[in-house]
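Protein chains: 4
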Amino acid sequence: MIVVLKPNPNQAQLDNLVDWLKKHEITVHTSNGASQVLLGLVGDTSVLDIDLIKALDIVEDVKRIQEPYKAANRKFHPLDTVIDINGVKVGGGHFAMIAGPCSIETEEQIIEVARAVKAAGANLLRGGAFKPRTSPYSFQGLRGQGLKLLLEAKKDTGLPVVTEIMDLSQLDLFEDVDVIQVGARNMQNFELLKALGHVDKPVLLKRGLANTYQELLMSAEYIMSGGNEKVMLCERGIRSFETYTRNILDIGAVPVLHKLSHLPVIIDPSHATGMSWMVPTMALGAAAAGADGLIIEVHNDPAHAWCDGPQSLTPEAFAELAPKVKALRKLVVDNAQD
Amino acid sequence: MIVVLKPNPNQAQLDNLVDWLKKHEITVHTSNGASQVLLGLVGDTSVLDIDLIKALDIVEDVKRIQEPYKAANRKFHPLDTVIDINGVKVGGGHFAMIAGPCSIETEEQIIEVARAVKAAGANLLRGGAFKPRTSPYSFQGLRGQGLKLLLEAKKDTGLPVVTEIMDLSQLDLFEDVDVIQVGARNMQNFELLKALGHVDKPVLLKRGLANTYQELLMSAEYIMSGGNEKVMLCERGIRSFETYTRNILDIGAVPVLHKLSHLPVIIDPSHATGMSWMVPTMALGAAAAGADGLIIEVHNDPAHAWCDGPQSLTPEAFAELAPKVKALRKLVVDNAQD
Amino acid sequence: MIVVLKPNPNQAQLDNLVDWLKKHEITVHTSNGASQVLLGLVGDTSVLDIDLIKALDIVEDVKRIQEPYKAANRKFHPLDTVIDINGVKVGGGHFAMIAGPCSIETEEQIIEVARAVKAAGANLLRGGAFKPRTSPYSFQGLRGQGLKLLLEAKKDTGLPVVTEIMDLSQLDLFEDVDVIQVGARNMQNFELLKALGHVDKPVLLKRGLANTYQELLMSAEYIMSGGNEKVMLCERGIRSFETYTRNILDIGAVPVLHKLSHLPVIIDPSHATGMSWMVPTMALGAAAAGADGLIIEVHNDPAHAWCDGPQSLTPEAFAELAPKVKALRKLVVDNAQD
Amino acid sequence: MIVVLKPNPNQAQLDNLVDWLKKHEITVHTSNGASQVLLGLVGDTSVLDIDLIKALDIVEDVKRIQEPYKAANRKFHPLDTVIDINGVKVGGGHFAMIAGPCSIETEEQIIEVARAVKAAGANLLRGGAFKPRTSPYSFQGLRGQGLKLLLEAKKDTGLPVVTEIMDLSQLDLFEDVDVIQVGARNMQNFELLKALGHVDKPVLLKRGLANTYQELLMSAEYIMSGGNEKVMLCERGIRSFETYTRNILDIGAVPVLHKLSHLPVIIDPSHATGMSWMVPTMALGAAAAGADGLIIEVHNDPAHAWCDGPQSLTPEAFAELAPKVKALRKLVVDNAQD
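Residue numbers (the working numbering), protein chains in the order written: chain A, 76 to 413; chain B, 76 to 413; chain C, 76 to 413; chain D, 76 to 413.
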């Protein structure tokens, strides 16, 4: 961390700052220029509150050199994290092919889709029971009943299941769920993240619509600093000035998050684009960029889906896509596993 | 709502759609062009799921004409809503001057600030007990203990208090709080919004960093459709490509939200800019644009504040600003009340 | 185009509007609802000025159904445009592998790089002579002298060349250039676009940092409506709230522009990311999404490049990437040509 | 400028870098930490190409401390620049009230509007002759003929005139124009900016839709470094995710640009919002935030304006607004002049 002092700083205040930093076990290197003095802080600066230092009278600016996240930081954990979801591995060359409907609707629907996506090559089943909807007048999901149906489909197919939690009061219902998803709108629901830090289950953490890579990693850090290191990061589109697609899928998140962190990176082309005709193309693009997994909406009858029909693939379209993804990964991903 | 059909739509499917719309008490007007057919839907289209219609094979596009919010919509409630907060009125010409520290730190601090802002012209006291922080390593607020100190300051000064809730499990602690604040990161925490719909207290709902006016009004609608119509909207800066200021304060939100809705609109220049030297200027700009209130961070010792010191005014600076706001409102706001 | 009228529109004004539309050979379909009247306009609405209609007293809103571009619109030109650049075809399954240095520096440099990228599989050579730089104090390119060196490299290798024009006064110098590039900052330099409409050379039109797909296509329309239909669209990153990478590469532009238009779509991963280590990954992602070409910065000595060294690949890194792109295209692009 | 070196940098390369910096008259302060070495560069770093340094093998990151603009920088020119436009002063407490139609249409129209806005308190007349339009099929302005009509209105009313240039080839036509406007889309048309650096006329430089404050100041620097120091900065709305208004008016640009630069700051509420009903409110907000001027579209018959009618005020509405702006400025701007 670099502290840029204002010209001619008050010496007593400067001494106070240096003493305070030393108490936090930070070594201070002073660099006296003609018109400005810089302090170089060396040590574990992640514990320092940057805003506190910025607020001091003698300080003009503070610039971070080190990242403020530790548990999620590749610098301290050079090897890829591999997460084991009841036998399905994700990360370090292992690929998560997560598929299923936006909303769980009926037992027949979820079981039919689950069987179809398993046959086509999915190794994890997704399905929404608690649905975050912009409008209070839209369908809010089958909630507890939906979770039961999802677990029926798990039993039927053997696929581990991924589903979204919307509030920490729902946590008890997730006992038999394999992966807990945190939605984009809850990425900075810090009370929920803290609670998930004490759960022994993988968490699929979606990036918020306008959140930076660093904020995503800080939210992962909330979970990891509580003791739960099984976090998968998920890019699902960011908000921009363009309105033709629902969001812009930031495929660059894959190499960037791989560089900054050791956690697996999953891409959600369905929510990012909001249109099924774009999903296969963007799925291939994400896989070619080295994503550790895809989460794709598949519905047996998209035109009558209870929500987000326009972005769902048919089982047939998914069955055409999945083997292409596999073949492409063999070609471009160095450590791709079967 | 306008439904644009694809060329040569299947007649049986079109009949099905029209029948389904009639069941929802929607009247359908068909407009046959040379190359396209349009359906104009008349009735309460807020109950229709636009995505569902878009997913149909015969539909090319759907465009909303009516807003999807009702309770918050000025079309159905032409008069300004005036909210009474234990005697302090907000909206319809009545101005909320909300001030106080970012974080409640000690009894002395909160009482000293409360007395100072009251003397300077504040009519509501703000102070944070539960603090949403990007980093798990930053100060998280005094939480329950902080609420107690805030209520001490309320007793001491008589100022009604505004403070943020971060999770619905905290609701019981807010019994003596006058206004419950929902932070920007929780604007679409729908479970929390639903719970607040059943509370008999005003809610200060902050706009998310990258949320549209319509999404903000839909979140207000979550609260109002539950029965609690005392919602104040708050603009606190939106995220953009510019990094010099923390966010961009969208003062245009004042006239737009006033046009679309009857709810009061409060502006938070402290969080929007993140720098105290900009706060008075932006506060004056917001007041000149007709805001129904300001929420401003004031700290007796900003350089040693436990959080967000850089954006806090001193009590002296606030005392200089408050009368200017009042004088300016008399000049430009037609129905400005004392 | 749909015109939404205000409630109870003045009949005389409405008649005027309808007459005026008929003069433009637009057929008007009126749809009378309980509370609103809609006009459906059928015909060539691209000639109507939407703002003019919006300004009328009786009009509440106007919504476009048809796209405002014609020459660039796939609806009217279903087949992919294939552009022939002195024997190198681009589009319709033919791939442009454009490589070369950011700036032309010396004869030795441009010839060495040109030979290296040709050997590695490039079929077009890029190099900047006129350089748009944010700062007036940065290197502005060798300008006319740079163009001469680039043409030397063309003679030496036989590769057609692509280089940027910054002002229409430079046009005479581009006589022997094969493809004229319009940079992102000039995407809406309409006087330049009009001039390029009268040139018989392919134009590589880069999307502005915050321009929509439709605006890009309207800028293509400026060139095409002048008579020059040889336009290649180029996505080079859009500006967002994220600052870790220079821009966000919008790979979704590939399928969207392919759907809306018949023009080839080229991706520039070098400028989009600004960091060479991300370039190969993003290039593969773009190729997997079906791009018709890549434009990649390659420099024989990136650490001493006169500009944009950090985003340039070495010839060795490019030679590793190019065959991977080719193999991947064979796997996922249906009509990929050799 | 701070250079962050990679761990264990090669000593020979480091010596080379330090020597090279010394040749540019930069003093280097080295700060050796446990795990990293920082170089603090002191001197005129605006001449250094930050990208060049970043590209070096031994460098991890480079952070600017000093702004890269000099002529536009308030640090080197503490006093407000006051620009004299044929007797009308702008800046340093002097206010520019610029009004007139979007497009010049006829002699009657421009003279009628010019007289009306002068009577209402405008001291500068605006009017567009060369019109940048997104579509090649929209009205492109009367061009040379429009300039002639504008100069007629100048003769008639004595108001100095402001009008937009779109290409440097048009410069000869601007001889009798008082202020040359550079539009948002041309903010980084560097060849045009360079040409304007050699003109002895004030330039009104509009901020691009997605350009930062620093980029705007660097574009001003292009003009000023050529010798023309009479630059007025203009904020006219930035692009965001919100689509209800055309753009977001960033009123915060006023205090920020005043802090960073000594140049006058003008606000354009007409283009920013695109809707006339918002213009007076936003004009008042901008004036309260300390803007040095407003540029407002006024048309005698907005419903029949040839372009941008929806955002034009009537002369009556402008006559109501102008005195409010004046009264408000007296109240809140310390050095407001009559």
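To be clear, the hints were calculated from the coordinates, so they are not data collected in a lab.
Heads up, some of the hints might be wrong.
Each pair may be met inside one copy or between any two copies, as identical chains are not told apart.
Computed cross-link-like contacts, DSS-like style, restricted to lysine-lysine with a CA-CA straight-line distance of at most 30 Å [said to hold, decoys possible]:
#1 Lys-193 to Lys-164
#2 Lys-164 to Lys-223
#3 Lys-97 to Lys-138
#4 Lys-405 to Lys-269
#5 Lys-276 to Lys-230
#6 Lys-150 to Lys-229
#7 Lys-97 to Lys-164
#8 Lys-97 to Lys-399
#9 Lys-401 to Lys-81
Only a predicted model underlies this, so the values are computations on that prediction, with no experimental measurement involved.
These are the hints, each one checked on the structure:
Taking identical chains as interchangeable, the C-alpha atoms of Lys-193 and Lys-164 lie at most 30 Å apart only when both belong to the same chain, with a minimum of 16 Å there against 42 Å between chains. For the homomeric pair Lys-164 and Lys-223, the shortest alpha-carbon distance inside one copy (25 Å) is at most 30 Å, but the shortest distance between copies (48 Å) is not. Proximity of Lys-97 to Lys-138 under the C-alpha cut-off of 30 Å is found in both arrangements, the shortest distances being 18 Å within a copy and 25 Å between copies. Taking identical chains as interchangeable, the C-alpha atoms of Lys-405 and Lys-269 are never at most 30 Å apart, the minima being 38 Å within one chain and 47 Å between chains.
Within a single copy, Lys-276 and Lys-230 get their C-alpha atoms as close as 18 Å, which meets the 30 Å cut-off; across copies the closest is 46 Å, which misses it. When the C-alpha separation of Lys-150 and Lys-229 is checked against a cutoff of 30 Å, the pair qualifies neither within a copy, at 37 Å, nor between copies, at 45 Å. When the C-alpha separation of Lys-97 and Lys-164 is checked against a cutoff of 30 Å, the pair qualifies neither within a copy, at 44 Å, nor between copies, at 50 Å. Taking CA atoms no more than 30 Å apart as the test, Lys-97 paired with Lys-399 passes in neither setting, with 57 Å inside one copy and 44 Å between copies.
For a Cα distance limit of 30 Å, the shortest separation of Lys-401 from Lys-81 qualifies neither inside one copy, at 57 Å, nor across copies, at 35 Å.
Checked against the numbered hints given earlier, this structure breaks hints 4, 6, 7, 8, 9; the rest are met.
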